[in-house]
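Colleague: Take a look at the letters that make up each chain.
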Amino acid sequence: MTESTPPYTIVIGLETHVQLQTETKLFCGCSTKFGAPPNTQTCPVCTGHPGTLPVMNRRAFELSLRTATALNCNIATFTKWDRKQYYYPDLPKGYQISQYDLPFSYEGWLEISDPKDRFPPKKVRIIRAHLEEDAGKSMHDEHAGKADSKIDLNRTGTPLLEIVTHPDMRSPAEAKAYLTELKLLLTHLGVSDCNMQEGSLRVDANVNLHLDTPAGKVATPIVEIKNMNSFRAVEKAVAYEAERQYAEWQETGRKLGDPGVFKRTFGWDDVKNRTHVQREKEESADYRYFPDPDLVPVTVTEERIAAVRAGLGELPAQVRTRLEGSYGLTAYDSDVIVNQGRAFIEYFTTAADTGGDGKTASNWLQQDVLRVMGEQNLTIENYPVPAAALGDLLKLVRGGEVDTSRGRQVLQRMFDTGESAEAAMRSLGIEKVDESALVALCEELVAANPKLVADVKAGKMQAAGSFVGQAKKKNPNANPGRVKDLCLEIIARLP
Amino acid sequence: MSLSRAEVEKVSLLGRLQLSPAELDLMTTQLGAIVGYVEQLNELNTDGIEPMAHAVPTSNVFRDDVVRPSADRAEILSNAPHADGEFYLVPAVLGE
Ligand SMILES: [Zn+2]
Chain A
1 MTESTPPYTI
11 VIGLETHVQL
21 QTETKLFCGC
31 STKFGAPPNT
41 QTCPVCTGHP
51 GTLPVMNRRA
61 FELSLRTATA
71 LNCNIATFTK
81 WDRKQYYYPD
91 LPKGYQISQY
101 DLPFSYEGWL
111 EISDPKDRFP
121 PKKVRIIRAH
131 LEEDAGKSMH
141 DEHAGKADSK
151 IDLNRTGTPL
161 LEIVTHPDMR
171 SPAEAKAYLT
181 ELKLLLTHLG
191 VSDCNMQEGS
201 LRVDANVNLH
211 LDTPAGKVAT
221 PIVEIKNMNS
231 FRAVEKAVAY
241 EAERQYAEWQ
251 ETGRKLGDPG
261 VFKRTFGWDD
271 VKNRTHVQRE
281 KEESADYRYF
291 PDPDLVPVTV
301 TEERIAAVRA
311 GLGELPAQVR
321 TRLEGSYGLT
331 AYDSDVIVNQ
341 GRAFIEYFTT
351 AADTGGDGKT
361 ASNWLQQDVL
371 RVMGEQNLTI
381 ENYPVPAAAL
391 GDLLKLVRGG
401 EVDTSRGRQV
411 LQRMFDTGES
421 AEAAMRSLGI
431 EKVDESALVA
441 LCEELVAANP
451 KLVADVKAGK
461 MQAAGSFVGQ
471 AKKKNPNANP
481 GRVKDLCLEI
491 IARLP
Chain B
1 MSLSRAEVEK
11 VSLLGRLQLS
21 PAELDLMTTQ
31 LGAIVGYVEQ
41 LNELNTDGIE
51 PMAHAVPTSN
61 VFRDDVVRPS
71 ADRAEILSNA
81 PHADGEFYLV
91 PAVLGE
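Protein chains in written order, with our numbering: chain A, 1 to 495; chain B, 1 to 96.
These aren't lab readings, by the way, just hints derived from the structure by calculation. Among these hints, one or two may not hold up.
[What the hints assert, rightly or not] Here chain A is said to cover these stretches of chain B; the calculated rule only asks that three of the stretch's residues, wherever they fall, bring their Cβ under 8 Å from a Cβ of chain A:
1) 9 to 17
2) 48 to 60
3) 80 to 89
[Unchecked claim] A few chain B residues that don't get close to chain A, going by computed Cβ distances all over 10 Å:
4) R5
5) L31
6) V35
7) E39
8) E43
9) L44
Beta carbons are placed, not taken as given, at the ideal position from N, Cα and C, and that holds for glycine.
The shape of chain A in the complex, shown without the other chains (with noise of 0.2 Å):
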């Protein structure tokens, strides 16, 4: 990113494809399994053999209805697939069963925001999501020269929900942010797992850009990008482009309607870190749609729609909405712990509850929980300590009874012994010290050391630290915030 506001708009478009969490196939029972060695997963009907007749899973349509409610989509009460023909060896029938003039749904939108406040919430429109099958693999050993392909068939005929939206996003941060919510929503509603290295998520980015000249608002020609393998690729390939598009119009002027002017198809090199043309030419995208004879249409009521939509229940948006609002959390903490996914939000409002404040709670789950989790690969469903545990533990913490640095190594305790965080006291020897013991040690420091009193009334603000030290050594479980105000306040007694 250059200092100056670049002269021109960025217009940004995404059209992503989600694996369904489904167990089979969309039209046979092969399963869906990731990783199983090549073409184990394939019978006649997902290899296209003459003869066979595809039969839709109602779960992958299921899926597919909860997404579009959740996208805020309209549910088409009548819909149909049709074949969409092209030539590929990964399409083993020449076609793919996917949805042309009267997808499910179509006009919804996601909001998006920013816990940075990089830019102002906004709506991003989705034009429609619809279903369809993915193709197979197609894998080509470069350093072979000239050998051949190899094609595996497990992936053919997933069910895949393909989510367009308008060119409504404005940056690189818009289209990462849309991206994110969207991962989080389709994880949140258990569609699909998003995983983008096993290839359930995949993103293509429709990008150009407007300018202001002298002779009038003009846009450059849109570029599609592929091949981007992670969000943080997405939010890179798109800045680079829009860069690249800037130095071409510069040079060459070329604008979106010149005759001779398409759209154009590049991949993303994450390893040089820039696009590269993929396909330069107009390609007469003849695909001859027409309705699958094989598949009979599906119909949806007014009444299943509002089913649907009252079984959403709490949206992420709405959770991140409720943290704040009841527990107190500001956007940047409510966004930390909804991304985290609906269990981590469960053991948050619990522990939160327990322990009586929503900030205290957030604080340590992000301080102290992530930081484990991450450190030792856990997820909050194996993390050993109980919400209600930790909970627990933030009450004696509030109330004074332990001090948070002490109360970080009971939390230690617990997560090794499994013990409550009472028990993981006594076994530290933790005790809250007595008011009056405390005062009484205070007094006898603050006698004990002349040269530290002097410090402290000429402004030296360190030496109160020395007192906290030398109270720990005399009594560990001295709370060191009390022990630095009772000192401060026998020395401001003294003559």
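Following the hints, put chain B with the ligand in place on chain A, whose structure we already have.
Modeller: Coordinates of chain B with the ligand only, in the frame set by chain A:
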């Protein structure tokens, strides 16, 4: 309207079929006859008739999401002209 030779050429390209000039002529005649036959339907007056998406008046046919055994790999690969026991082999797919 019958089919033009250029249209048959385009369709054969989309279908990845390499036709000789003689075959192109033959296909233009034969496909043209088929299209011409179907075109008789255009003589019918369909004003006010709702288009159908499917010839059978059925809807909502689903199956449960339950795994069934897949085909034996050796057996299903044996249907392809070339395979190596694990993968189908096809002429090199380069670029996209
Ligand atoms: Zn199958």
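Colleague: Verify this label for me: E43/B is non-interface relative to chain A, using a Cβ-Cβ cutoff of 10 Å.
Modeller: Holds: least Cβ distance 22 Å, greater than 10 Å.
Colleague: Is the claim that E39/B lies outside the interface with chain A correct, judged by CB distances over 10 Å?
Modeller: Non-interface label on E39/B holds, nearest chain A Cβ at 17 Å vs cutoff 10 Å.
Colleague: Would you say the region 80 to 89 of chain B counts as covered by chain A, given the rule of at least 3 residues with C-beta under 8 Å?
Modeller: holds (count 6)
Colleague: Quick check for students: does the CB of L31/B sit more than 10 Å from each CB in chain A?
Modeller: About 14 Å separates L31/B from the closest Cβ of chain A, which puts it past 10 Å; holds.
Colleague: Test the statement that V35/B is away from the interface with chain A: the closest C-beta pair must be farther apart than 10 Å.
Modeller: holds, 14 Å
Colleague: Please confirm whether L44/B is truly not at the interface, meaning its C-beta sits more than 10 Å away from all C-beta atoms of chain A.
Modeller: holds, 19 Å
Colleague: Using C-beta distances, would you say chain A covers the region 9 to 17 of chain B, given that this needs three or more residues below 8 Å?
Modeller: holds (count 4)
Colleague: Confirm or reject the statement that R5/B sits farther than 10 Å, beta carbon to beta carbon, from all of chain A.
Modeller: Given a closest Cβ separation of 18 Å, the condition holds.
Colleague: Counting residues of the region 48 to 60 of chain B with a beta carbon closer than 8 Å to any beta carbon of chain A, are there 3 or more?
Modeller: Since three or more residues must qualify, the claim that chain A covers the region 48 to 60 of chain B holds, with 7 doing so at under 8 Å.
Of the hints listed earlier, there is not a single one the structure fails to meet.
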